[in-house]
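Number of protein chains: 2
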Amino acid sequence: MTERLIYLPLGGAGEIGMNAYVYGYGPEGKERLIVVDLGVTFPDMDSTPGVDLIMADLAWLEENADRIDAIFITHAHEDHIGALAHVWNGLRKPVYARAFTGRIGQLKLEEAGIPAETIRIVEPRPHVVEAGPFKVQFVPISHSIPESSALIIDTPGGRIFHTGDFKLDQSPIVGEPFDPAMFKQIAEEGDGIKVLVSDSTNVFSPHPGRSEATLAAPLTELIAAQKGMIVATTFASNVARLKTLAEAGVAAGRSVCLLGRAMKRMVSSAQETGVLLGMPGTIGPEEAADVPRGNLMLIVTGSQGERRAASAQLSRGKYLGLEMKEGDSFLFSSKTIPGNERGVIRIMNAFSEMGVDVIDDNNGLYHVSGHANRADLETVHAILQPKMLIPMHGEHRHLREHAKLAQAKGIASEVVINGEMVDLSGNVPKVVEHIEAGRTYLDGSVKIGAMDGVVRNRIRMALNGLVLVTLILDEQDQPLGEPWVETMGLPKTGRGGAPLAEQIEDEMTEFLDRAPVKIISNDDKIEEALRRIARQVSMEEIGKKPEVIIVTSRLTDE
Amino acid sequence: MTERLIYLPLGGAGEIGMNAYVYGYGPEGKERLIVVDLGVTFPDMDSTPGVDLIMADLAWLEENADRIDAIFITHAHEDHIGALAHVWNGLRKPVYARAFTGRIGQLKLEEAGIPAETIRIVEPRPHVVEAGPFKVQFVPISHSIPESSALIIDTPGGRIFHTGDFKLDQSPIVGEPFDPAMFKQIAEEGDGIKVLVSDSTNVFSPHPGRSEATLAAPLTELIAAQKGMIVATTFASNVARLKTLAEAGVAAGRSVCLLGRAMKRMVSSAQETGVLLGMPGTIGPEEAADVPRGNLMLIVTGSQGERRAASAQLSRGKYLGLEMKEGDSFLFSSKTIPGNERGVIRIMNAFSEMGVDVIDDNNGLYHVSGHANRADLETVHAILQPKMLIPMHGEHRHLREHAKLAQAKGIASEVVINGEMVDLSGNVPKVVEHIEAGRTYLDGSVKIGAMDGVVRNRIRMALNGLVLVTLILDEQDQPLGEPWVETMGLPKTGRGGAPLAEQIEDEMTEFLDRAPVKIISNDDKIEEALRRIARQVSMEEIGKKPEVIIVTSRLTDE
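Protein chains in written order, with the UniProt record's numbering: chain A, 1 to 558; chain B, 1 to 558.
Hints are computed from structural coordinates only; laboratory data are not their basis.
Among the clues, some could well be false.
Per the computed footprint, the stretches of chain A lying under chain B, defined by three or more beta-carbons under 8 Å from a beta-carbon of chain B, are [claimed, not checked]:
hint : region
1    : 44 to 57
2    : 456 to 465
3    : 478 to 490
4    : 542 to 551
Now the in silico label distances, taken between C-beta atoms and shown as ranges [to be verified]:
hint : chain 1 : residue 1 : chain 2 : residue 2 : range
5    : A       : V431      : B       : K318      : 20 to 30 Å
6    : A       : A225      : B       : A375      : 19 to 29 Å
7    : B       : V517      : A       : E287      : 39 to 49 Å
8    : B       : K545      : A       : K318      : 20 to 30 Å
9    : A       : K227      : B       : G192      : 29 to 39 Å
10   : A       : P206      : B       : G426      : 52 to 62 Å
11   : B       : A375      : A       : G274      : 42 to 52 Å
12   : A       : S521      : B       : R307      : 15 to 25 Å
13   : B       : K545      : A       : D191      : 30 to 40 Å
14   : A       : G426      : B       : P285      : 55 to 65 Å
15   : A       : S521      : B       : E63       : 18 to 28 Å
Straight-line distance between alpha carbons at most 27 Å, and here's what the computed DSS-like set of lysine-lysine pairs gives [claimed, not checked]:
hint : chain 1 : residue 1 : chain 2 : residue 2
16   : B       : K447      : B       : K93
17   : A       : K409      : B       : K525
18   : B       : K325      : A       : K492
A quick note: this is a predicted structure, and the numbers were derived from the prediction, not measured.
Where is the CB? At the ideal position from N, CA and C, for every residue including glycine.
With the sequences and hints as input, model every part of the structure.
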């Protein structure tokens, strides 16, 4: 039997979020497997109200867990590591990561009661992790978090270069700069790179990306110019930005205070693992409260408008004894991720009402992206000279554009989305199988399938409101009293001015008085009839068709 | 008693949407009133699930309806005219508008069973509408809809210039160009302008705005370059853009078909009222289905990703016999309004999956804004030379920035938000009263107050799910059978693997077996106890605290 090299994205291909990629090598159906990244994506009220986290559906991976040799995590962003602690028990395989990523992962595993040693800390290239038929090296690459890594995945079927998330930054402040010479060498080793599996996030941004280092001067100038307290927000994990902001604050004669659990965890993990050197000393919130406003800078979580993060708390009033006042400034050293605009704008206006000046990224003066732009992607294609390119880490439109970009240069490329198993053994990618690849929701403490209907019912209640009917029938199938109607999420009164619930009750009573035995003795039929009445009366009275729950209780002779 | 001049925004000041402004002149508390604009804003799933439209709470205006002399509508955008038909019955005053705006308004009134003659069509300046102490002129000004007008409001207390929505466009394709000479004359008449009440939407956009006319060449070039069918979307009411798009399509040898009810209504109203001349002929969808794809252009509604509009329908499949195919192109000749990103991106990716090339506004090449930028606002300040400036039509941050801009030039200016009644009689605006100014929701066919709790309960059900408990007690206060639990929007099973509903029932049964009479005979107490059990068991089993409805039925001796 011939062996083959396969690629199977279960998350992250066709979306930006919940990255989960599988590579396999071996005889068809018996390939040994490795997993790259296990991330989450975040819920929203539109489609996933009440949900806590969204992960790739790993049912296929769990069924084939005996074929998995290892799990690799490229970096510590939630969309790459966030699911690890929630899904590891279904896989139970060793996890490999570099020191900082591993430290963040270990903290997550420990919270979930999984031994920290599950994650094995590895050195970057030239160190090689052997896992079944795979030889894997972590390749340092710049991104918006320390120690982001690409992976060289060597197999008997050829070399894969999996970029992870990356940008081309030769002065990234924290973490390793992009090293074109090393990339060139990687491309020249052995038979070169067979498949480049690449980040596609910024394929629509034409110009080369800018370096993190370009922000230091404008940020320092901006912070020095503020008269009151300045509060800056960015992603907690953007340790380089935290350092730049803190240094700018100190240069302006300010004491710096970090607010937000995630941010403190990131900084301490970065310091413990030696990736963050020279971070200025910071003070706690209690001490900060005593510092004159003009000498104080807060760096806080919540750049995406998250309701419970420090930014939102400050926009609502006092937080840990600190509060914003007229004459203070608030800086978004960040970009709003599409979909988060409402939350961010809510905070901006709340600050405006306090008399606080809000400064945003100002066309990139105070923020740079962590992803490679179109020109940078082309640079990488040119250096690595892959035979095939599979775009990943993008919505469908990003993947399609990236594939077109590669094809235009003569590189075989295909859009491959979650659930498509691709055979990479030949000269072009070939879809060979479709795997059920959906989403799993962490909802409270329970995992539910996206298609289970649970969330669909929540959305329906939110859009339509609810009518609840209880009916008691006696031993002779006669209604005991009248049906009782309650409503939730519906106007109390409608067109007629009379209470909606009473209108429905009256109509039901009238129906029951006339209903034949064959209906009234049959739970399904009576519920169907009552549901129809509830919806009809609601439509007439309030112009809405609500969700209806009918509870029929039958008293029995005992 | 001295007379005073007042301004009271009830909607639109502190938000972009549901514009509703009141001006008054007369003795304190007895001022005669006029209303300018009665618009809506649109609901979203985050804060207003299930709601159809959002309007300003007009309770104060209704209470003082006998003091209202007239209603003026500046232009036919939904955020200025959308509430008219829904609230007119509470006000019952004559409405004044120019021909196109009036035509759109009349169609809305007729649908609501209100006589079309309620709207009186008026000519622009120098024509004067006299309404109580007010002399009002409609001043033609360019915007993204035909016949947008500023209002000159002359009162014994001085001249107010209310800009409405505007941009400075000297070649707007459809509608009147900005006429600086006329503006200068308006400023020089009598004592000049006392108060400028001005659009603030684009105060953060530094450069002068661009003319609608700049789009013709790039759009024509773009459309000519497409090989398959091209579909373009923009706001239905942007009649100038529709004309530019249609002309570009015809120039490229394409038949043009308009899809979407709102768009056809706008075009026919514009043609009937003579504001749209020279619009190329269009074909219907049936005819379009027979045209070769390379010779066809559709112009469709749904630029903001609205689920039921033509764009979204086409992204899901066939619509009126037409469908998108690989090789076709889709153009957003529009900007995504903040908050609508998710819907727009969903459509972009659906088209990408079909192999359709999606083109967006491309940094303004294919779209220009309808609002005056910061530089344009400064131009207007300089020409009109008002003694005071009140920013309107903006979120708080826009109003604040606009007020700062005016103050820096020595113009007295204040941020005035919905519900703040301002006395404009002196040399500076002075807040004299706070009016209850909330939001009213149109929900189905019923109007409900934003604070009524109806929508809050929907949001709670969506976030927390619902547990429903029915308990029947007999004449001796003994439970008849066990409590019956149903859930909606919750996982069926939790931690233990047993059905959640049964777990709750078991716990409740155990409680009822032991419960003392003073609890079991008291509806409030028993419901409180059962609610606590439902939430506690849910928390343990599924990690969520759901909403709980308890229905206790007591059988009585009769």
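Going through the hints against the structure:
| no. | hint | verdict |
| --- | --- | --- |
| 1 | 44 to 57 | holds (count 5) |
| 2 | 456 to 465 | holds (count 8) |
| 3 | 478 to 490 | holds (count 7) |
| 4 | 542 to 551 | holds (count 6) |
| 5 | A:V431 with B:K318: 20 to 30 Å | 26 Å, holds |
| 6 | A:A225 with B:A375: 19 to 29 Å | 23 Å, holds |
| 7 | B:V517 with A:E287: 39 to 49 Å | 58 Å, violated |
| 8 | B:K545 with A:K318: 20 to 30 Å | 26 Å, holds |
| 9 | A:K227 with B:G192: 29 to 39 Å | 36 Å, holds |
| 10 | A:P206 with B:G426: 52 to 62 Å | 54 Å, holds |
| 11 | B:A375 with A:G274: 42 to 52 Å | 51 Å, holds |
| 12 | A:S521 with B:R307: 15 to 25 Å | 42 Å, violated |
| 13 | B:K545 with A:D191: 30 to 40 Å | 58 Å, violated |
| 14 | A:G426 with B:P285: 55 to 65 Å | 45 Å, violated |
| 15 | A:S521 with B:E63: 18 to 28 Å | 55 Å, violated |
| 16 | B:K447 with B:K93 | 20 Å, holds |
| 17 | A:K409 with B:K525 | 74 Å, violated |
| 18 | B:K325 with A:K492 | 48 Å, violated |
Of the numbered hints stated above, those contradicted by the structure are hints 7, 12, 13, 14, 15, 17, 18, listed in ascending order.
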